[in-house]
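If you're matching them up, the sequences are chains A and B in order.
Counted from 1, the first sequence has number 60 at position 60 by the numbering used here; the numbering is strictly sequential.
Counted from 1, the second sequence has number 174 at position 174 by the numbering used here; the numbering is strictly sequential.
Mixed in with the good hints there might be a few duds.
Between beta-carbon pairs, the in silico distance windows are [to be verified]:
#1 B:Asp-27 <-> A:Ala-31: 43 to 51 Å
#2 B:Gly-41 <-> A:Ile-166: 30 to 38 Å
#3 A:Pro-79 <-> B:His-150: 23 to 31 Å
#4 B:Thr-209 <-> A:Thr-173: 31 to 39 Å
#5 A:Pro-79 <-> B:Phe-239: 42 to 50 Å
#6 A:Gly-59 <-> B:His-150: 30 to 38 Å
#7 A:Arg-28 <-> B:Ala-295: 39 to 47 Å
#8 B:Glu-255 <-> A:Ile-166: 49 to 57 Å
#9 A:Gly-91 <-> B:Ser-79: 37 to 45 Å
#10 B:Asn-30 <-> A:Pro-79: 25 to 33 Å
#11 B:Thr-92 <-> A:Asp-116: 32 to 40 Å
To give a feel for the contact side, a few chain B residues facing chain A, derived at Cβ under 7 Å [what the hints assert, rightly or not]:
#12 Asp-24
#13 Ala-29
#14 Asn-30
#15 Val-33
#16 Leu-36
#17 Pro-37
#18 Thr-38
#19 His-307
It is worth saying that the hints were derived from the structure and are not from the lab.
For glycine and all other residues, C-beta sits at the position ideal for the given N, C-alpha and C.
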Amino acid sequence: MTARHVLQQADIARALTRISHEILESNRGAAGLVILGIPTRGVTLATRLSVILNAIEPGTVSVGSLDVTMYRDDLAKNPTRAPGRTTIPAGGIDGKTVVLVDDVLYSGRTIRSALDALSDLGRPRTVRLAVLVDRGHRELPIRADFVGKNLPTSTSERIMVRLAEIDGVDEVTIE
Amino acid sequence: MRHLLSTKDLSRDEAVAILDIAEDMADVANREVKKLPTLRGKTVVNLFFEDSTRTRVSFEVAAKRLSADVINFSAKGSSVSKGESLKDTAQTLAAMGADAVVIRHGASGAPRVLADSGWIDAGIVNAGDGTHEHPTQALLDAFTIRKRLHGSASRGRALDGVTVAIVGDILHSRVARSNLWLLSTLGASVQLVGPATLLPVSTEGWPATVTLDLDAAVDAGPDVVMMLRIQAERMTAAFFPNAREYSRQWGLDDERVARLPAASMVMHPGPMNRGLEISSGAADSERSTVLEQVANGVSIRMAVLYHLLSGTGEARA
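Isolated chain B (complex conformation) (with noise of 0.2 Å):
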């Protein structure tokens, strides 16, 4: 594996390799030395031309982890601001050494032009390229399942029989489509709830089942239930009448987590808007994963930059 562009790519033993070394990662985390040699001479540089808080650090601290030198790069004061294309600014960086760049773009497919183009010789990691995936979320959603569900049996496993809700701006959302493509990967089954106007026009040939009603999916009692945020940002027309109709009828109320299945998780990708899409009583519940997620997201950025970053790059054990 040479780059990391979307979960469409990976193979179910892909999938649960990087998830079984994201859980060596972890114990990382416990020790006293929060650190490892692994990747010490390497360059990663995080190009993000939008704004992102937990992403961005969670990938500097993951490549911290492992000795590798970071570079950040966002947009706002760079030359980007002085209208520098994507072409110069990787050729830019490729000149400089980058073994590695993660980058987050508004534009669908900017990882994968970088990728293909021969601009720049370093591994591309996808950090959220526009409405079209966010792979190293899927996986970290993905951890925390399988991680709730087995604790420290998880290794090897994979997600089969899970049942998986995704709530919420299914449209906009490169969350929901990464974590998709990879939930079903691993075995589970995915359904995608929201409403009519931020569904995709045609879903066909997606592994899911769709459906309007909340309260249909939670009475259905999946395993879990993941909210995604109203991207406000990204909206340019309106969706929704206005926020406390969404609230009510596609918001993780209290009362509707109170009628989940009691070992039913609450997942968040973040940042929340609390009273919108998810209440601050589910947000804060037992059944949250948002600070797990969190946590487990330099775990498994960890494992990404190793498993592209060492090696020779070719076959992979």
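Chain A on its own, in the form it takes in the complex (with noise of 0.2 Å):
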């Protein structure tokens, strides 16, 4: 199968950019963000979340990692997997706006563990989700509250996202 670029560099940039701008609309401002990537390219999302939101409301917005490996209902299914890391901001969650954010929502399984291991770690006022691209074919009651690129797929095919500070580009693919 081939590969198709769904997202360029520019497309993503924007989208991140116009995801900023809706997460500060619902939030009426920054206060009391927290931007929580789920690792591996969450993360990095999460990081580039935070840098445009303290460029347009000046450092305001926390940023952290949160690993879910050790929540999620798959582990006796698949080889065992090297959690990630949980890093999570000095001000904690309790009472805050937390925004998870992932690269791709496909079944919503990563997202329930991901629920549920924020809630080990403290009662936020709200959480909410963000994510690059929704590819559809959700398996649980869950759904994005910022979403870069809504893409229609059936499940033989594969979302590739890379990112420059880990695959050396930005793109989004389908194959």
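Join the two chains into one complex using the hints; note that each chain is given alone, in its own frame.
This is the structure:
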């Protein structure tokens, strides 16, 4: 199968900028915002979002990462996976508005794990979800609040998100 | 990895991977909710044929933090004291659906028998077998050394170039053997120090240098001095004239500690015989990692249980 480009570097940048403004709009400012990325590429996206957010409303948004490996429901069905890192900003998440960030939203199971992981770390006031690509095929009642691009796919297709910090190039392809 | 029987079986990458997972597990201990749902529905049996406090409790805490069900089973007060064989005990546990068995046994090789016999289809963790091995102790020692040396930048690192002196009763010590294999796999260089009567007859093929002289070993300025407990319960003969003489020649007293380089650490697997192999001054000094070792034991055992019990048991990421 051949890979087809869905988003180029400029598209990704524009999507992240738009999502940043949407986050600020729905939160009515940047007060109490905590951006948590889900490893691996969600963390990169979260860092980029926090840079844009802090440029719009300087110095108010904190960023971290939330590993969900230990909370997955498919651990027994796959080879043992090495967990990623969880780093919570110094202020914690109690009473904050947490925005979870991931690259692709598919079955929704990763987000379910993330919600469980989050509840063990504290009690946020609200939890929102931002994803770069929503490819559909949800298996759980979960939806994203902020979406870079809705991408109707078939389950046999593969979505690849590559980001410059990790893969050396910014692109989203479908194959 | 299906069983953890010996640190000899661990490759360098596997060992570093376990230490890295333990770093994540250590973070959990600092949270308000000290529990992960990872092993929910799994059953871990602690099968202890020898007395133990810290190892058994450590495994129990580790399994509980991962939400596994824990069954403690000690030889005293069980059917073993009525003469039940290891085979029958294992088959009983298998019939009850144990997913992992943590075994401590007085006979070297008992965990291997359990793993290879087909009596029970569970992951086997060696928690000390006779004078053979104690792999989780070695892993937690390596973790403690790495943490002291590199702090929060520990992830992904091995122990290349670290010098370790293991002092005392090498002959009877499973801790020494497990540490020797693991530390040398991780790139550290190991020196064994002890009286001739408490060294193995032959250390040929062991990745270590051997000396009888603790003072020389201390003056060489090792990064780590690991003291071993004098195990009176395993001593069937007189290995040294008396405790005072042992203490004078091979005990880590205040004077020897003072001669160590400022950054050197003093380790002891516990329980300590204060005044025999280690002085109170040494055990309670800033260099001592004894309590860190206990705390890290839980993280390491969580990592090992996670490694053994999650996944399909075939390839690992």
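Going down the list of hints, with the structure as the test:
A C-beta distance of roughly 28 Å is found between Asp-27 of chain B and Ala-31 of chain A, which places it outside the suggested range of 43 to 51 Å. The given range of 30 to 38 Å is respected by Gly-41 of chain B and Ile-166 of chain A, whose C-beta atoms sit roughly 34 Å from each other. A beta carbon spacing of about 28 Å between Pro-79 of chain A and His-150 of chain B agrees with the range 23 to 31 Å that was offered as a hint. For Thr-209 of chain B and Thr-173 of chain A, the hinted distance range of 31 to 39 Å is not satisfied, since their beta carbons lie about 56 Å from each other.
The beta-carbon spacing between Pro-79 of chain A and Phe-239 of chain B, approximately 47 Å, falls within the hinted interval of 42 to 50 Å. Distance hint for Gly-59 of chain A and His-150 of chain B: a CB-CB separation of about 31 Å, consistent with the stated range 30 to 38 Å. Separation of Arg-28 of chain A from Ala-295 of chain B is about 44 Å and conforms to the stated range, judged on CB atoms against 39 to 47 Å. Under the hint 49 to 57 Å, the C-beta atoms of Glu-255 of chain B and Ile-166 of chain A, about 54 Å apart, fit the expected range.
Checked against the hint of 37 to 45 Å, the C-beta distance between Gly-91 of chain A and Ser-79 of chain B comes to roughly 55 Å, which is inconsistent with it. In this structure the supplied range 25 to 33 Å holds for Asn-30 of chain B paired with Pro-79 of chain A, their Cβ-Cβ distance being about 28 Å. For the pair Thr-92 of chain B and Asp-116 of chain A, the beta carbons lie near 35 Å from each other, so the given range of 32 to 40 Å is met. Interface hint status for Asp-24 of chain B: upheld, as the beta-carbon distance to the closest one in chain A is roughly 5 Å, under 7 Å.
A distance limit of 7 Å between C-beta atoms decides the matter here; for Ala-29 of chain B the minimum to chain A is near 13 Å, and the interface restraint is violated. Given hint, Asn-30 of chain B at the interface with chain A, is violated; its Cβ is 10 Å from that chain's nearest Cβ, farther than 7 Å. For Val-33 of chain B, the interface hint holds, since its Cβ comes within 7 Å of a Cβ in chain A; the closest pair sits about 4 Å apart. Checking Leu-36 of chain B against chain A by beta carbon gives a least distance of about 4 Å; that is within 7 Å, so the hint holds.
A hinted interface residue such as Pro-37 of chain B counts as satisfied when its beta carbon comes closer than 7 Å to some beta carbon of chain A; here the least separation is about 6 Å, so the hint holds. For Thr-38 of chain B, the interface hint holds, since its Cβ comes within 7 Å of a Cβ in chain A; the closest pair sits about 4 Å apart. The beta carbon of His-307 of chain B comes within 6 Å of a beta carbon in chain A, closer than 7 Å, and the hint placing it at the interface holds.
Taken one by one, the earlier hints fail for this structure at numbers 1, 4, 9, 13, 14, listed in ascending order.
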